[in-house]
Amino acid sequence: MENITKTKPTIINIFGGSGDLTWRKLIPALYNLFLDGWLNEKFSIICIGRTEMKDGEFIQKLKDGVDQFSRRGKTKKEEWDIFSKYVTYKTGDFSNKDLFIGIKKDVAVFEKEINENANKIYYLAVNPQFFEGIADGLKDAGLNEDVEHARLVIEKPFGTDLESAKALNVKLLNIFEEKQLYRIDHYLGKETVQNILAFRFANAMFEPLWNRNYIDNIQITVSEKIGVEDRGAYYEHSGALRDMVQNHVMQLLCLIAMEPPVSFDADEIRNRKADVLHAIRKIRREDVHEFASRGQYAGGWQEGEQVKGYRQEKSVDTDSNTETFAAIKFFIDNWRWSNVPFYVRSGKRMQQSISVITVQFKPVPHQSFPEEAIENWQPNRMIINIQPDMGIRIRFQAKKPGLKMQLNPVDMLFNYTDTYSSGIPEGYETLLLDVIEGDATLFMRADQVEAAWEILMPILSMWRDNPSVNFPNYSAGTNGPETSEALIAKDGNNWIILPFEKKNNE
3 MENITKTKPT IINIFGGSGD LTWRKLIPAL YNLFLDGWLN EKFSIICIGR TEMKDGEFIQ
63 KLKDGVDQFS RRGKTKKEEW DIFSKYVTYK TGDFSNKDLF IGIKKDVAVF EKEINENANK
123 IYYLAVNPQF FEGIADGLKD AGLNEDVEHA RLVIEKPFGT DLESAKALNV KLLNIFEEKQ
183 LYRIDHYLGK ETVQNILAFR FANAMFEPLW NRNYIDNIQI TVSEKIGVED RGAYYEHSGA
243 LRDMVQNHVM QLLCLIAMEP PVSFDADEIR NRKADVLHAI RKIRREDVHE FASRGQYAGG
303 WQEGEQVKGY RQEKSVDTDS NTETFAAIKF FIDNWRWSNV PFYVRSGKRM QQSISVITVQ
363 FKPVPHQSFP EEAIENWQPN RMIINIQPDM GIRIRFQAKK PGLKMQLNPV DMLFNYTDTY
423 SSGIPEGYET LLLDVIEGDA TLFMRADQVE AAWEILMPIL SMWRDNPSVN FPNYSAGTNG
483 PETSEALIAK DGNNWIILPF EKKNNE
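In this note's numbering, the protein residues as written are 3 to 508.
Worth double-checking, as some hints may not be accurate.
To be verified - In the EDC-like style, the derived pairs of lysine to aspartate or glutamate whose C-alpha atoms are separated by at most 20 Å in a straight line are:
(1) Lys173 to Glu487
(2) Lys173 to Glu157
(3) Lys107 to Asp95
(4) Lys181 to Glu150
(5) Lys227 to Glu487
(6) Lys106 to Asp148
(7) Lys10 to Glu118
(8) Lys158 to Glu231
(9) Lys310 to Asp232
Because the hints were derived from the structure by calculation, they are not lab data.
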């Protein structure tokens with residue numbers, strides 16, 4: 003059992019309270035925090051939406067969401083009845099000043115009832131077009147003024163390019179201080195992602211090897227079997243590069259490549275991550291084809307079911323140039339990582355849904371074993387699985403039992419579900435608790451967001467100005483386009499994803 007410290011009294015206002023994110027993620031996460039004893043008994047959740055709904059109808063909808071999406075499964079009546087009393091629904095227009103005056107009154111009433119200053123969280127679970135208007139409304143009502151306790155949580159996407167990200171940062175930083183802003187990336191709340199820091203910096207055996215002298219290349223794959231589903235209208239203006247690489251993938255790269263922090267202070271961790279982004283070698287427009295590959299999925303068969311191509315999806319242009327797959331080769335120009343390639347890729351309608359980091363080590367400097375002994379030899383590798391399975395796997399060579407010297411690759415495996423019997427928190431549980439406690443370690447700072455956009459802008463602009471002539475170029479249920487394989491093959495490498503559930507040699 004964790005040593006749980008109750009959080010401060012908190013009032014959470016969720017803009018977009020009737021939306022899908024609240025239903026699938028936020029309320030199930032807050033419910034689990036409540037059941038696990040993390041929330042102070044003095045808390046309130048106000049869901050604000052534009053859809054007219056009666057209180058009973060809304061609460062039932064939230065219950066259905068928790069029953070479907072909570073890691074605990076279905077709710078227990080007595081527990082849900084207690085939790086739901088803390089939740090209210092308010093219908094409002096985000097552009098109406100009266101809405102924010104009402105919120106201010108709600109906050110004042112809550113703080114008067116508990117007779118103390120509370121954390122005041124404003125969660126923007128809305129389309130980005132509403133970010134600035136809601137921020138203005140909060141400012142006009144004076145809801146930004148309690149610098150120590152008022153916090154704004156912003157979902158991705160944070161801008162659509164460098165220029166819009168800078169403009170949004172300027173806007174928000176004119177209303178809130180940086181320490182009040184929590185730019186959320188739910189990937190960073192996953193247990194295995196956080197465990198990268200513990201794995202690297204709490205164990206003396208790994209950090210001495212974590213550099214160009216011992217590591218040949220690092221690969222990051224974030225793939226999905228699903229297509230764009232009902233998000234065609236959004237995806238047409240996004241694509242894989244904006245939707246996944248700019249945030250999720252770049253943050254994983256930072257955690258893998260960052261220098262050891264002096265402390266676990268939020269700004270110290272974020273400084274080290276920003277250092278990585280600033281050290282990534284800029285890709286010139288004319289060199290994009292050497293460092294990046296794009297793709298768009300065609301229709302086909304996936305797990306026995308016929309699926310549409312991207313251009314046949316709802317709200318997608320029949321001649322769309324939007325990429326549903328992106329792969330990039332990065333170099334980090336510093337002493338630790340000089341000339342070590344970082345290969346990243348992300349795509350939809352891929353062969354499997356998986357998020358995995360592969361660290362491939364260099365071969366031994368001298369092979370002393372006879373050729374027949376090393377027939378099955380493979381490089382040492384470390385596989386960090388983020389989802390769906392969570393764990394870390396290390397592959398090394400050992401002697402195969404028998405009278406002859408014959409080497410065989412074997413695995414050491416750390417699997418979260420085998421090691422820990424208690425339920426593993428969802429990413430949103432971790433991040434919401436951090437917001438309540440005022441811990442910004444896992445959240446992106448303004449300079450990080452802008453640095454990540456700056457790295458990708460040459461690729462985005464090149465792909466925009468030069469439409470692909472061969473889209474679609476990979477079939478549903480495959481591992482992406484041939485150009486992705488060529489991108490890494492010309493360096494003498496290949497994409498690696500080892501099946502996680504097996505402990506013996508594949």
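Here is how each hint holds up against the structure:
1. Lys173 to Glu487: violated, 42 Å
2. Lys173 to Glu157: Holds, at about 16 Å.
3. Lys107 to Asp95: OK: Lys107 and Asp95 at ~17 Å, within 20 Å.
4. Lys181 to Glu150: The hint holds at about 9 Å.
5. Lys227 to Glu487: holds, 19 Å
6. Lys106 to Asp148: holds, 12 Å
7. Lys10 to Glu118: holds, 10 Å
8. Lys158 to Glu231: holds, 19 Å
9. Lys310 to Asp232: The given pair, whose Cα atoms are some 12 Å apart, holds under the 20 Å limit.
When each numbered hint is compared with the structure, a violation occurs for hint 1 only.
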